[in-house]
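**Q** In the order they appear, the protein sequences are chains W and V.
Taken in order, the first sequence gives residues 1 to 320; the numbers are from my numbering.
Taken in order, the second sequence gives residues 1 to 911; the numbers are from my numbering.
Treat the hints as calculated values from the structure; they're not laboratory data.
Computed from a prediction, not measured in an experiment: that's the story for all the values here.
One thing to keep in mind: the hints can contain errors.
Stated by the list, open to error - If the Cβ cut is set under 8 Å, some of the chain V residues that face chain W in the computed set are:
| # | residue |
| --- | --- |
| 1 | Thr753 |
| 2 | Ser845 |
| 3 | Asn894 |
Heads up, the beta-carbon is just placed ideally off N, CA and C, and yes, glycines get one too.
Here's the letter readout for the chains.
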Amino acid sequence: MGITLFVVSILSFLIVALAPGDPYDKNLDPNTTPADIERQRDATGYDDPVFTKYTTFYGDFFADVGAVITGDDDHEWRLISYQSKSPILPTMWDKMLITLPLVILTTIITWTLAFPTGIYSALRRGGWQDHLLTVIAYGLISLPGFWIAILVVKFVTFNLGVPVIAPQTLGVELDPVRGFFDRTWHVAVPAILGALIGVAVLSRYVKGQMLEVMNQDYIRTAKAKGLDHDTVYYRHALRNAMLPFITMLAGLLPSLFGGSVVFEAIYSWPGLGRWVFEAVFTKDIFIVVTSLFIGSGLTLLGILISDILYSAVDPRVKLS
Amino acid sequence: MSSPRKASSPTKDAFKLLFRNPTAVISLLLIVALAAAAITGGTLTGKPPTPDQIESLEEAEILGDTLDMEVNEWAWVEPGKTHLKDKLKPPFSESEEDEGRVYYLGTDHLGRDVAAQLWAGSSISLTIGFLAVGLSVLLGVMLGGIAGFFGRDRVRLPLLVTLLLALTGGIAIPAEATTFGMICFVLAGIAFGYQILVAIAGQRWRPLGGFAVAAAIACIVFGYNIYIENATPEGKQLQHSEEVASVAKDVLLLTRDLGRAQKEFENGIPGAPGEDELWEDQVELEVGYYKMYLAEKRKQNVDYLTRLDKEERLAQEQLDRAEHLESHVDEEFIKSEVDKDDEELAKRHDRQTRWAAQAKDLREKGDRGALQFERIREHIESANEWVEAGLTAMDEAIERADDFDAQSAASRFELMRDLRLALLEAEFRMGVRAVYVTLAMAGAEPEIPDTEEHQKIVDSLNKQAEDLAASTAEAVKTGSNEDAKKSASQDAAIATGAVAAVESVAAAAKAITEVEKRAEELAGIVEADFYQASRDKLAEYVKELRAFVDAGMPVDKREVLKTTADGIDAVIKSGIWKQDEDALKGVAAELREAKDEAVSPQLGDKIERVAKLILATSHNRLEEYDYAIDNRAARDPLVITMEGSNKLLNRRAQMRGDYLKKYEAEASARFDGNSGIVKVRELDGSLRYGVYKWTRHFLVVTAVILLLVITSLLVAGSAQAAADDLRGPLNKVFIPTITVDDLVMRFTEIMMTIPVIFLILVVLALFERDVYIVMGVIGLTSWMGTTRFVRAEILSLREQDFIQAARALGVSDFRIIWRHLVPNSMSPVLVSATLGVASAVLAESTLSFLGIGAGPDQHTWGQILSKGREYIQDAPWLTVVPGIAILITVLSFNLLGEGLREAFNPKLRGR
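Taking the hints into account, I'd like the entire structure generated from these sequences.
**A** Laid out in structure tokens, this is it:
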């Protein structure tokens with residue numbers, strides 16, 4: 001795992017750092033002379049050899065991360081954005097706080113809805129309910145997410161008259177109660193839309209797992225010895241069917257971090273995804289490398305946690 | 001495989017099952033229909049035009065012409081055809097412009113039929129899906145197959161380290177760590193060579209073949225790269241830039257060394273270089289500066305020639321276009337009287353007249369352009385010759401500087417003087433050529449070989465102009481109606497202008513001759529008494545030129561050309577003495593004002609361009625010098641020499657104290673480590689070209705190395721065996737190994753760890769917006785799943801009895817792979833590929849929606865949708881319709897994929 005992280009650190013850095021293009025190419029300020037720009041390049045170490053850049057970058061990065069972990073308030077941030085000149089990790093934390101409510105709500109809706117629907121359609125296999133749910137699920141999976149989001153925004157905003165762009169209505173002072181509802185609307189619409197597609201995907205998995213387990217011999221045995229259906233399905237089948245979903249937890253951690261670039265673009269959320277999206281195009285390479293590295297690190301962490309959980313839940317699996 | 005009995009194969013059964021599934025069949029039919037639309041969409045519909053082309057659409061429609069736009073002859077749907085009257089029509093509405101036409105899916109903001117656009121766009125959208133999936137399946141199957149089949153082979157870690165060394169070298173060289181990279185390459189090369197030797201010694205030909213193929217591919221790629229750099233104008237520009245960069249780098253290094261030596265000398269450190277050596281270095285440094293300057297000039301000239309090439313092509317295009325229009329013009333018909341009542345005929349007459357006028361106009365422009373370009377080219381080429389001469393002189397100076405040891409201060413000065421003379425002459429010649437170019441650009445006659453002959457030409461031109469004026473005046477008098485009178489008076493004005501222009505041309509020409517004469521004279525003066533006279537004389541010559549212009553010019557032109565002279569003067573000066581920037585700005589402003597007074601707007605424009613050029617050059621150069629060396633004395637050694645030998649020595653002493661010390665610190669800080677290429681940017685802004693070139697090399701090198709890695713992995717087993725044969729006594733030595741399976745799967749894991757969406761964004765940000773790059777990126781980031789299950793599939797297959805039997809029969813690996821493993825492991829690949837197309841189409845439309853997918857002239861569905869978003873309130877169908885098209889496509893691929901999955905694995909039925 002350490003080796004993987006190391007290779008990822010090299011790869012993500014090289015992809016970004018060796019890319020052609022230059023953040024200093026677009027000189028927008030008429031008062032800066034070419035000489036000033038050269039001085040800036042020197043100050044930020046932009047022209048250093050890649051090896052030097054790599055070591056300085058990760059040195060700064062881990063120094064900052066260390067400060068975050070130890071809660072050092074007096075720490076002088078060392079990773080600074082090229083464009084906005086603001087420290088990267090604190091900004092990233094702020095952006096993440098904007099993204100988190102949306103992602104958490106989406107995840108909660110997805111997981112709470114997906115299991116009941118999946119189990120229901122597994123139990124009603126072949127019936128019209130199953131067929132209906134399947135058709136709906138496929139329709140939702142095939143929907144271009146951004147497209148349906150645009151249409152819903154159009155409908156809610158223009159036809160219902162509720163503004164849902166941005167995390168909250170901007171430029172209006174609202175009393176606490178109205179403010180609460182305002183924020184709820186703003187979070188709920190994207191969250192529900194995002195969750196719909198997630199539910200469709202996840203419920204298919206749940207159904208598949210349930211069916212797989214229900215074909216097993218021990219279920220037949222349980223049925224044969226006369227256990228009532230609820231005990232068979234919920235005690236024996238569901239518990240075993242749930243196991244593989246622990247692996248899916250691995251994917252949750254990075255998604256909490258990354259959010260959705262597309263949804264943030266449509267709903268104008270100034271969150272993490274959009275921040276990185278913009279950084280990519282202004283060639284603010286430190287932001288991009290930091291995000292790539294943290295994203296990869298979280299994925300690895302998620303895999304590690306799910307492995308541990310798996311071995312704790314399933315006695316057949318042993319940690320090697 | 002020639003079994004006579006056609007047993008029911010599992011694949012056949014699976015397809016039978018598939019065709020019993022109604023959803024799958026419907027989706028399959030839909031997909032076939034979509035594929036048909038995609039194929040016809042590329043051939044039967046015209047290509048949608050770019051925004052620029054829309055303007056010229058009207059004319060193209062009348063002419064039945066191709067213009068710049070590709071109109072498909074077979075097209076019966078024109079996605080690009082605009083009906084501005086019909087803009088933003090809802091679906092199922094009738095056209096107002098085109099009777100009987102119904103827009104089934106509405107129109108967009110330019111009145112283009114949405115249905116037609118969707119049809120045309122389907123070709124790109126679906127092709128992208130298929131190609132991306134093809135790429136990902138290819139990679140997935142290849143890597144999965146290698147991991148599955150060769151998985152248990154062990155790659156020796158030394159071989160792996162060799163490959164990594166080569167890869168590191170490939171990265172290190174463009175990353176400015178040249179020495180380190182070269183060491184890596186050499187080590188990797190030796191190791192590869194050893195592998196090859198082992199293979200030859202063990203008579204294993206397969207690894208050799210693999211290496212040969214890889215080497216051949218590498219040679220082709222490198223050869224192509226070299227060809228591109230030598231044969232294209234851009235490549236030539238690149239070469240010149242690189243030359244400037246390398247000279248600049250030398251200069252900087254020299255400065256650093258000199259600074260160090262100076263310090264040592266001053267501190268009296270034993271073993272420090274003597275004064276003579278310091279002198280030699282100093283000369284070298286100065287020559288370096290001049291060389292850099294000249295190389296830069298040459299690069300500028302080459303840049304200019306390249307630009308000229310383009311403009312010339314433009315002129316040629318204008319001529320072609322004129323010819324084309326002329327071929328449509330019926331002269332007789334224009335001359336004929338047209339019956340006013342016949343509307344159709346009158347319309348045609350109007351059109352023909354318009355075309356004729358246009359053709360005439362274009363032809364004039366083209367002819368004029370061609371003539372000008374030829375002359376400008378001549379001058380620039382001759383300026384380039386002078387640059388070369390200057391460079392040769394520099395080289396000679398360096399040679400002379402070599403035997404400096406015993407020379408006196410006087411002879412040193414002689415050398416310095418010669419050096420500067422050579423530069424001055426080159427620069428002065430270039431300045432004269434610049435005057436010619438300026439005049440040629442302003443449309444004047446730049447060819448002034450002989451004064452008398454020239455006078456004749458001018459006289460005859462004068463006469464012609466006078467005749468023209470007289471005849472137009474006559475026409476004005478005798479003109480019957482008002483219109484004719486008006487046009488005739490315009491002609492008269494033009495004629496008067498022409499007379500004035502001819503006069504000014506003559507004056508300018510004389511001025512030029514004068515300048516050249518002065519140049520000759522100046523060269524003589526410079527030889528005789530360089531220090532005292534040269535500066536004054538140069539100033540004097542400019543003064544005289546001005547006086548000359550004052551005396552010999554018509555009033556309105558006088559100012560213009562005078563200020564031009566000022567500007568040129570300033571440029572020449574700025575090249576040598578670097579006047580204040582403000583003064584130059586003032587000159588440019590004057591030139592701009594003068595432009596307003598110019599009679600011919602064309603001349604005015606040209607002059608403005610010159611003004612801009614002057615401003616740009618002076619500004620850049622001053623900035624560069626300011627930053628590179630902050631000391632005026634250091635900035636311009638020439639000034640010092642001109643001010644006399646004593647002063648020179650004093651200043652040099654000062655310089656030693658100030659700038660070298662300062663510069664030494666700076667330079668040594670800059671040159672820590674092995675970096676060099678990027679660091680000298682201060683001395684030449686165009687250096688970025690060089691960096692780009694290295695980046696490109698990096699890509700090539702990486703591609704080649706990847707090829708080597710793959711082939712090596714494939715042949716690893718046999719090379720290994722050969723090595724084992726050879727080692728003999730060394731056989732007991734432990735050499736760490738790693739299985740191919742581990743290697744491939746670790747790589748797959750790493751790729752799965754990096755967040756895909758960020759990866760795609762980063763890669764797309766590197767390139768211009770192009771849907772085919774999107775395709776490549778989607779393909780390259782989605783192969784990991786395929787790899788994993790292909791590996792699993794092959795791992796389970798290779799243990800089965802029929803594979804074992806084939807092995808026992810002595811069937812070759814290749815045949816086992818192709819005849820047994822691949823066909824038997826294809827069914828899950830088919831399923832995942834079908835689902836993959838769905839997600840690729842979705843991904844493409846999402847990226848296009850975010851504005852980083854399809855290029856502006858590639859009308860994919862996502863592109864149409866994202867454009868329609870602007871009109872969502874007035875025309876929701878622009879968003880809804882393409883979205884539904886995407887939905888249907890994705891849905892049918894998903895359903896078919898699911899059907900296939902069920903069919904191949906009946907156990908899953910009903911899931």
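**Q** Compare the structure with each hint and give your call.
**A** Results for each hint:
1. A cut of 8 Å between beta carbons decides the hint on Thr753 (chain V): the least distance to chain W is about 5 Å, and the hint holds.
2. Annotation: Ser845 (chain V) was flagged as interfacial toward chain W, and the flag holds, the nearest CB pair being 6 Å apart, inside 8 Å.
3. About 5 Å separates the beta-carbon of Asn894 (chain V) from the nearest beta-carbon of chain W, less than 8 Å, and the hint is met.
Checked against the numbered hints above, the structure breaks none of them.
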